[in-house]
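Novice: Here are the chains, one letter per residue:
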Amino acid sequence: GENVEQHPSTLSVQEGDSAVIKCTYSDSASNYFPWYKQELGKRPQLIIDIRSNVGEKKDQRIAVTLNKTAKHFSLHITETQPEDSAVYFCAATLNSGYSTLTFGKGTMLLVSP
Amino acid sequence: GAGVSQSPRYKVAKRGQDVALRCDPISGHVSLFWYQQALGQGPEFLTYFQNEAQLDKSGLPSDRFFAERPEGSVSTLKIQRTQQEDSAVYLCASSLAARGWPEAFFGQGTRLTVV
Numbered sequence: 329g330e331n332v333e334q335h336p337s338t339l340s341v342q343e344g345d346s347a348v349i350k351c352t353y354s355d356s357a358s359n360y361f362p363w364y365k366q367e368l369g370k371r372p373q374l375i376i377d378i379r380s381n382v383g384e385k386k387d388q389r390i391a392v393t394l395n396k397t398a399k400h401f402s403l404h405i406t407e408t409q410p411e412d413s414a415v416y417f418c419a420a421t422l423n424s425g426y427s428t429l430t431f432g433k434g435t436m437l438l439v440s441p
Numbered sequence: 724g725a726g727v728s729q730s731p732r733y734k735v736a737k738r739g740q741d742v743a744l745r746c747d748p749i750s751g752h753v754s755l756f757w758y759q760q761a762l763g764q765g766p767e768f769l770t771y772f773q774n775e776a777q778l779d780k781s782g783l784p785s786d787r788f789f790a791e792r793p794e795g796s797v798s799t800l801k802i803q804r805t806q807q808e809d810s811a812v813y814l815c816a817s818s819l820a821a822r823g824w825p826e827a828f829f830g831q832g833t834r835l836t837v838v
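Protein sequences, first through last, are from chains D and L.
Residue numbers for the first sequence follow this note's numbering, so the first one is 329 and each next one is one higher.
Residue numbers for the second sequence follow this note's numbering, so the first one is 724 and each next one is one higher.
If you are wondering where the hints come from, they were derived from the structure by calculation, not from laboratory data.
Treat the numbers as computed from the prediction; the structure is a model and nothing was measured.
Take the hints with a grain of salt, since some may be wrong.
Lysine-lysine pairs mimicking DSSO-like chemistry, simulated, CA-CA at most 30 Å apart [as the list claims (entries may be wrong)]:
id, chain 1, residue 1, chain 2, residue 2
1, L, K737, D, K370
2, D, K350, L, K737
3, L, K737, D, K433
Just so you have them, the derived chain D footprint on chain L, three or more residues with Cβ under 8 Å [what the hints assert, rightly or not]:
id, segment
4, 766 to 774
5, 793 to 805
Ideal placement from N, C-alpha and C gives every residue a C-beta, glycine not left out.
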């Protein structure tokens, strides 16, 4: 089955800095890669996703890049704000049939004012 | 409703007790997933329903875990004879279609503590 590794487990940055979280996956057939943000005690919420037919996707301060050859994908947050502080999870799945997500272990991002 | 709703939000069970966790998916969503999230970990897949059919239960950790979705909407995850290792947040997610639309919307979860 699929295995997703996520690094780092914690990341502390100053407000305004950029943050990068990296994930690798094992199943070369995976073709859909979402990122979820989970604030303490709250539900995971989709913030951005990318499909395997594109290499990069951007949404305001958030971007995701995908390298299918190397089987890794990354989340980039620019101009970080304190409200970006949360746990971020990457995931991978096959976009066919039903889509069971395999999640990484999460990265706790702390943005200091 | 506007989102995926789960109840109860918190459940404390004595070891050996049976529990039932409820999930109300977004109306019209065909796919429903249950995930288990241990403290400090990512969610892990338990089981999947397409309408009322349970198509995948490969993630259920033991035969003490049972899930159903009899009318293709509300789902219940039942855990019999709870043990301490069952303590976790149980997340339900739904998505609109069975194919080609994998965006999953999560509920807030039920935090189960077995004492």
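Novice: Determine for every hint whether it applies to the structure shown.
Specialist: Hint-by-hint comparison with the structure:
| no. | hint | result |
| --- | --- | --- |
| 1 | L:K737 / D:K370 | holds, 25 Å |
| 2 | D:K350 / L:K737 | violated, 40 Å |
| 3 | L:K737 / D:K433 | holds, 28 Å |
| 4 | 766 to 774 | holds (count 5) |
| 5 | 793 to 805 | violated (count 0) |
When held up to the earlier numbered hints, the structure conflicts with 2, 5 and fits the remainder.
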